[in-house]
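Using the hints provided, position chain B relative to the given structure of chain A.
Number of protein chains: 2
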Amino acid sequence: MNIHGTKIGILGGGQLGKMLIEAALPWDLELHMLDPDAQAPCHKIAASFTVGSLKDFDTVYNFGKGKDLITIEIENVNTVALEKLQAEGVKVYPQPEIIRLIQDKRLQKKFYKENNIPTADFILIEEAEDIRKHLEFLPAFQKLGREGYDGRGVARIQTENDIGKALAGPGLLEKQVNYTKELSVIVTRNQSGSIAAYPVVEMAFHPEKNLVEYLFSPADISRGEEEKAKRLAEKIIETLGMTGILAVEMFLTEDGEILVNEIAPRVHNSGHQTIEGNVTSQFQQHLRAILNLKPGDTSVLIPSAMINILGEEGFDGPVKYQGFAEVLAIEGASIHLYGKKVTKPYRKMGHVTVVDSNKERLKEKAKRIKELIKVIS
Amino acid sequence: MNIHGTKIGILGGGQLGKMLIEAALPWDLELHMLDPDAQAPCHKIAASFTVGSLKDFDTVYNFGKGKDLITIEIENVNTVALEKLQAEGVKVYPQPEIIRLIQDKRLQKKFYKENNIPTADFILIEEAEDIRKHLEFLPAFQKLGREGYDGRGVARIQTENDIGKALAGPGLLEKQVNYTKELSVIVTRNQSGSIAAYPVVEMAFHPEKNLVEYLFSPADISRGEEEKAKRLAEKIIETLGMTGILAVEMFLTEDGEILVNEIAPRVHNSGHQTIEGNVTSQFQQHLRAILNLKPGDTSVLIPSAMINILGEEGFDGPVKYQGFAEVLAIEGASIHLYGKKVTKPYRKMGHVTVVDSNKERLKEKAKRIKELIKVIS
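Taken in sequence, the protein lines are chains A and B.
Counting from 1150, one number per residue, gives the positions in the first sequence under my numbering.
Counting from 1150, one number per residue, gives the positions in the second sequence under my numbering.
The hints are simulated quantities; they were obtained by calculation from the structure and are not laboratory data.
Heads up, none of these hints are tricks.
One copy or two, either will do: identical chains are not told apart, so a pair holds if it fits within one copy or between any two.
Result set (DSS-like, lysine-lysine): computed pairs, CA atoms no more than 27 Å apart in a straight line:
1) Lys1519 / Lys1443
2) Lys1469 / Lys1240
3) Lys1156 / Lys1193
4) Lys1259 / Lys1330
5) Lys1204 / Lys1233
6) Lys1523 / Lys1490
7) Lys1204 / Lys1156
8) Lys1156 / Lys1497
9) Lys1214 / Lys1469
10) Lys1193 / Lys1216
11) Lys1512 / Lys1330
12) Lys1193 / Lys1214
13) Lys1490 / Lys1193
14) Lys1379 / Lys1330
15) Lys1497 / Lys1512
16) Lys1204 / Lys1358
As the structure is a prediction and not an experimental result, all values here were calculated from the model.
Chain A on its own, in the form it takes in the complex (with noise of 0.2 Å):
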């Protein structure tokens, strides 16, 4: 395959593709996304930008028609179309069937427990009504097989009383885990099979939302806990068998174990803080995967820690951004915004990558970022 000359489609034109298009912009790669909002950040951006549902066959089908790779930046995507176009000869990666496999929670938990990958366990659940036939399980985290993303999705049933908050739908019971950090890996393989793990990161997760909040890399953990995460992370995309960026998230619990918490099969969240912390940033690593180019170096160049701007609450509209100049004043902070034309509370708006060789540094000025930028309208 001659890189220059391959057509590259994206489902999906939010900020992940965004990021995408600035990791391509040096290699003069061109970029073409479908996504369902016509203002959607990539809109202006993209080599060309298709206004159109990702769910929808027919519209996902002809989009990647006359494209030679199809690649994604959300899994809710319609993998019965990209089917039809792998089997039509579009390479499509991450593959159509990891997709599915990752799409639905239930059957991301039973591929763990098959390849005896660990989680915390768990019972599969028709309606939210079984909760009440395994009481003795609670307290658990009921999480909706499909549509979870961003915390929604979830809910926690402490005990019996509870299970009013239920939510409707097959789903999953997890056993509650007290874990002390939760973790992140960023994996790469690309189609020749060549596997690169990023050091692990470690999280903090707004304390009713569900969204990364902060986070520090590299993880503040044992040299044998670091390798253990990571070994697993390639244990997965191998036994996948995927191409491209794999974003293993982990509870590290309070024997030291590490536990299987979710898998995003693209560009994640967690690996943004690689664009300044890291020798190969997450988005051109996805880049060379699915150009099958060798992976790049994914060493730590600096500690650096990645805070999420999120919509102020109580502000709903045309966004306006305080204190942009206020965090560039601080060294080594980089800012990302990712071009929303609205705000709305805690919607992902951009982020800020502060590097420090100094953790205790770093913490505090990550603190201070967080202070410093809010998104209103």
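Showing chain B alone in chain A's frame:
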């Protein structure tokens, strides 16, 4: 000034403009470009792209009218139009009078002399024949006052016999300097006068074409030489009172003296490695300067080398790349292609930056890259 409401226009839409766009995307800034070449690197990725002469008063004036801020990526532009725009309230950085000064090597040299900035001895001449009056000054370089760029406009006059090779037009004779290294310092100054210099880099030029062939960052010089070079660059930008990035090329002589060779009031080939090798890239730094943000951290993250990708001799036509995948298989290598559709011998078609914590390995990698990557047709 509200940064996100600022309409920014750039004179020139070549590779430097392209890398400015790449730096502006994460900030969600829109850059509007003017360039005479309808196929220039920025033509598809600028917020708007106007085709027209940079030297024509009306074209530049009409382009600048309605913008809030104008900057340049090439210095051969109509400064009269820029002065009129400035008088009408458009911010122009670098300031028109500085662009005019730097457009003419004769004025540049006089500026050094008047401000006690060390530079090679010189004599102003009005035409080639004047050289005969200064035979005692040879060996020397004849430099035309205007229109010199990328090695053009310079003739080496060793003895009286070379006068036939001299160029027509007013210029200067510059004493040949016995130097051990060619250095460059990128320095920035924002609107408020905050100045920051990057660590010194050293350049190796193509033996015939006077184009940078390799660049190494940081330069292998003493701490005293490093400080002297940085202070000199800071003195120049402060004396000029310029806003924006200034590249200061220097000679390190056998006696440890530092002489200023040339300055360029814009992002520069000798700062490309800052994208991967330093905390803040020169491109983001220029945006910081003209938007009056605090200068970013200029520190080296990791030693880097930069290799220009020049069109191969013997090829003239639609571009093809050789060695793309092979270069990307070298750890720490990043390719930047400028997206020019047509190659010709020695045309700047792209560059590669490679990083390595070990300086010897870095040099070996740079040589290997130089051999691997070719632009043919």
